[in-house]
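**Student:** Starting from the structure of chain D, add chain R where the hints point.
Chains D and R, in that order, give the protein sequences.
If you count the first sequence from 1, position 99 lands on 99 in the numbering used here, and the numbers rise without skipping.
If you count the second sequence from 1, position 87 lands on 87 in the numbering used here, and the numbers rise without skipping.
To be clear, the hints were calculated from the coordinates, so they are not data collected in a lab.
We treat Cβ as the ideally placed atom computed from N, Cα and C, and that holds for glycine.
Just to be clear, a hint being listed does not mean it is correct.
[Claimed, not checked] Which stretches of chain R does chain D cover? Using the computed rule of at least three CB atoms under 8 Å from a CB of chain D, they are:
{"no.": "1", "segment": "4–12"}
{"no.": "2", "segment": "102–116"}
{"no.": "3", "segment": "137–147"}
[To be verified] Not the full set, but computed from the structure, chain D residues with beta-carbon under 8 Å of chain R:
{"no.": "4", "residue": "Lys47"}
{"no.": "5", "residue": "Thr50"}
{"no.": "6", "residue": "Leu75"}
{"no.": "7", "residue": "Gln77"}
{"no.": "8", "residue": "Pro91"}
{"no.": "9", "residue": "Ile160"}
{"no.": "10", "residue": "Arg162"}
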Amino acid sequence: MKTKIFFCFLLFLASLGLVAQGKFYTKNGKISFFSSTSLEDIRANNKTVTVLLDSKTGDLQIAVLMKGFEFKKALMQEHFNKNYVESDKFPKAEFKGQVINNNTINYAADGTYPAKVKGRLTIHGQTKEIEAPGTIQVRDGKPVLQSVFNVLVADYNISIPRLYRDNIAKSIQVTVDCSLTTLQ
Amino acid sequence: MSTKKIIWLIIILLLGIAAWYGYKEYNRTNKNLAEVNPDFKIDAISLLKEFENDDSLAGSKYNGKVIEVKGMVKSIEQDAGDYYTLVIGDSASLSSLRCVMDSSEAAGVSLVKPGYQLIVRGACTGYNKDEMGLGADLVLNRCILVDKKE
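So that you can see chain D by itself, here it is in the shape it has in the complex (with noise of 0.2 Å):
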């Protein structure tokens, strides 16, 4: 009888254990950007982005529709659309590396662990090797992942016409804030 509940035991902490160490993802990840300049200051946010992040390798993929992005102010959306990224020829950004320190994160045990993310970045169909700092924080078993970094512009050759050319800073602030659920 004790060697019996001694296993079932050992099958729930191992069930524990598949979950903690399972798939996360979701579909309502928020990501916006900001650029700052004396002129002017720009900012969009998008609620639907998609996440996919495997606890047990650290294996990161998010894909973010670029029409998803909301500005206040209906002419930029517009400009940005058409002008800037071309949404209609490259729909989507997306971002595939990997958590480089992920043995270091306890998915099982809730706190804020320093995170660093390193992978291709595709944006207008450019694709950059990026790395970017943030954390992961664990919040009743998932994980929530939050990260500001910068990219260049040019980097995924949008360019800008010369009249806006001082209303658009070079560098934009990308700020991820994306809250996983379990995947089943």
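**Tutor:** Same frame as chain D, but now just chain R:
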């Protein structure tokens, strides 16, 4: 009044109109879709099928357009605050239409339950193919609820 003065007056008037138009255009915000006529009216399953068959062809037809979609609610997701996403489509399929509801719709949307038949109007944002094993999604933003039936 001399002809010169009249010409100057017209120039000033035209410059004033141009400045007013420029200012209004610069500060224009996205319209609430309740005030916008849809470019397309279609049922959710047919719309998803079009994207599954050829996503770039369907994308060039629908992306950026206002679509009124009829379909069944599979699930409702509520984010922090009053952000609701209605997931619409065939419950046997992994593919869905994800309608991100306008915050002004929160009161009406909070009463919606899975299984309801809805008509939703939204701006087509794009299609995520099933590249991560999470199911394919067509995303509509700034959605408003046009009609609901239990």
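**Student:** Run the structure past the numbered hints and jot down the numbers of the failing ones, going up.
**Tutor:** The structure breaks hints 1, 2, 9, 10; every other hint is satisfied.
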